[in-house]
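Starting from the known structure of chain R, fit chain G onto it as the hints suggest.
One-letter residues, chain by chain:
Protein chains: 2
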Amino acid sequence: MSEQPIYVGIIGFGTVGSGTYRTLLDNQESIDRKVGRPVRVKKIVDVDWSRPRVLAVPVPQAVKSSDVNDILGDPEISIVVESIGGLKPSLDFLLRALKAGKNVVTSNKELVARHGQDLFAACTKTDFMFEGAVGGGIPIIRPLKNCLAGNRITRIMGIVNGTTNFILSKMFSEGAEFAEALSEAQRLGYAEPDPTNDVEGFDSSFKLAILASIAFESRVRVEDIFRQGITSLAARDMQYARQLGCTVKLLAIGALVGEAIALSVHPVLLPLTHPLAAVSGPFNAVFVRGSSVGEVMFYGQGAGALPTGSAMVGDIIDVARNIVHGSTGRISCTCYTERAVLPVAEIETRFYLRMTVDDRPGVLATIATIFGEEGVSIQSLLQTSASEDQAEIVWLTHQTKQRQMHRSLERLEARPEVRAINACLHAEM
Amino acid sequence: MSEQPIYVGIIGFGTVGSGTYRTLLDNQESIDRKVGRPVRVKKIVDVDWSRPRVLAVPVPQAVKSSDVNDILGDPEISIVVESIGGLKPSLDFLLRALKAGKNVVTSNKELVARHGQDLFAACTKTDFMFEGAVGGGIPIIRPLKNCLAGNRITRIMGIVNGTTNFILSKMFSEGAEFAEALSEAQRLGYAEPDPTNDVEGFDSSFKLAILASIAFESRVRVEDIFRQGITSLAARDMQYARQLGCTVKLLAIGALVGEAIALSVHPVLLPLTHPLAAVSGPFNAVFVRGSSVGEVMFYGQGAGALPTGSAMVGDIIDVARNIVHGSTGRISCTCYTERAVLPVAEIETRFYLRMTVDDRPGVLATIATIFGEEGVSIQSLLQTSASEDQAEIVWLTHQTKQRQMHRSLERLEARPEVRAINACLHAEM
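Going down the list, the protein sequences come from chains R and G.
Under my numbering, the letters of the first sequence match residues 1 to 429, in that order.
Under my numbering, the letters of the second sequence match residues 1001 to 1429, in that order.
This is chain R alone, in the form it adopts within the complex (with noise of 0.2 Å):
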């Protein structure tokens, strides 16, 4: 084994940064074994290095920095990791480092979905690497990249977000409403303060424009996805569910419908046998349908910071190995088509709603009616008296084009005999 290391400079010294730190000080011996070469931390920066942290991994004196220009300008830092999270000043500090030659190893979603395409292009046969963007430690960039490469992929359906999918997991499994939910996790550190970003789905569309960019070999950008939260859930609707023999799971959806791909994110309705049916709690899983490989699933913990650093170091190693071998760029971007996005009026699934109405005679047939005259075709539907002059009925629809729902609810809503629209969800059966 040669002596001369390869050194890495990690930016961002917070969950995942010391998380990732951790895992290469844990795993030493058999990272530089992996590697044939020591691979070692030369200069960890952070502008602040006094705040408390979820990991305490003590950092000698030498490596730590606040001046990022002990990275980017130190000839001898070949791999950089960015931990900062966000755009600002993460962008910059990685274009610099590519700029400069380096290697990069992110887990940031929002920089790689948002600028992904500017990266790759600043890479001059350098790596670029995200496999912690996407599910925490669960493998699934390098499968999608490499497995499965062989594969017309048709079909990417991925819980990835922990924070919601917790919130789910307990309004399905106690009766929660979402506030009381949202609470809980945020009591327990699985939600922000302001959990905008993870209840709205933002954070999962990136994850999904990162995935369906990989699997459809298509750029697809942030605006290109249908997106919907799950503030608006209710606990009768987990009943409702149940009854109907599913759960309700914040999905997000790639699909390749012809040769356009429809891109979705929202609470969806999911038989209880759907293998992403039983990933409960903060765990992650990413569902894969490819030609030859028919269904496959990744599960695991999709946040935290040993399992990104998991993921963080599985890159090192994997540029690391590269830089031995002098193959780094050997993967560069593979978004080799254009792929025009179905506009979300076009998706076609099934619905779930719920309504409340007059408890009278011919309503069922007014509603019925509508819904014949748009093509929107029932396969059940659950009524039952509210109180004693409104009813609730529960539809669950055949596949049906989002316009034609987005149609018939326009009527509904116009009817005096509807009093409300209280949920109408995708469902996957």
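Hints are supplied without guarantee of correctness; some may be wrong.
Claimed, not checked - The list that follows gives simulated cross-link-like pairs (lysine-lysine, DSS-like), each with its CA atoms no further than 30 Å apart:
(1) G:1088 with G:1125
(2) G:1145 with R:125
(3) R:145 with G:1088
(4) R:125 with R:99
(5) R:125 with G:1125
The hints are simulated quantities; they were obtained by calculation from the structure and are not laboratory data.
Computed from a prediction, not measured in an experiment: that's the story for all the values here.
Okay, now just chain G, sitting in the frame of chain R:
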């Protein structure tokens, strides 16, 4: 893109060979783009071109051959795909291919399990890949060697044989007896006319030898694995398992115990809440525990022409990328250490025991005393009267060394009031 093709030769055109060829043809354009050069099959060798095949893929006359030297002796062919199966003549062919400087891709689990070391030794800067040898199309070898390379893997637990999983699923969900479920599996083509290799756990132990060698970085021999098949399982045991909140799966388990490894293939009681419990029918899954990543699971179709073809083509693409970048041999054998194998008597586990005993006062006390004297601690028991003078007792123990259980069973079998030990299974809880 360079126009100079990378040439592939396929030896053996049965199920896997035709699935590989079909996958290469169907996705040719996408594969060429990923590699940066055309990847083309120049020659396919088979001893009998007239036999019926599961997958009908037309092969041009110029590609067909019956002489393996058309591949091994052709300097233009740089990637040799082996899909004959078994040890003879596969081993000889692949050693010759590697010695001729060719790269090798195979899904032959027995060959890799028994001769992986010899094959790696024959590589001189060439690739030897075998993603398809475990779990069919499920990415597992590359995730272990790459994505999870920064972890100390402490446990690996797999359902890696679809035949036995189909049989056990049928026994569990329909109350079928083993013989009946086996017949059904044979009728559907999931089981061979001679099912020994599957139902006695040989196939699973080949796969465990491969997984454990990579996970624990130490060469595991098939002979080191404790092996117990599923032929003596009764539908009755499935019912008791269900009462205990469990299912029964044939698991291949490798675990780090201190610095040694424990290796076993046997039917196991598994709680219904475990991610592996939901893996039913012909599906496979591998569950991995790592120091940083925590628990991850890989799920999918464990066999078949196209799923295995998917894995083979993923390997072919990886080798081809290495050829383009001059980095073949980038990841070689990863058995860096030599770990002791824990003797089976020292493996600690929980046990499920079903026995028939005389139905009279004092019998339970006698048995419980023997367990107590041997240090076997009981967690729960179920007793039912089987007929007027005999009873059936089911015991679930706490963690116990196999040695202690073995000694207890010897003493119990010598007692006249114990009429039969009907079942003794491991339990993972």
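Output the numbers, in ascending order, of every earlier hint that fails for this structure. 3
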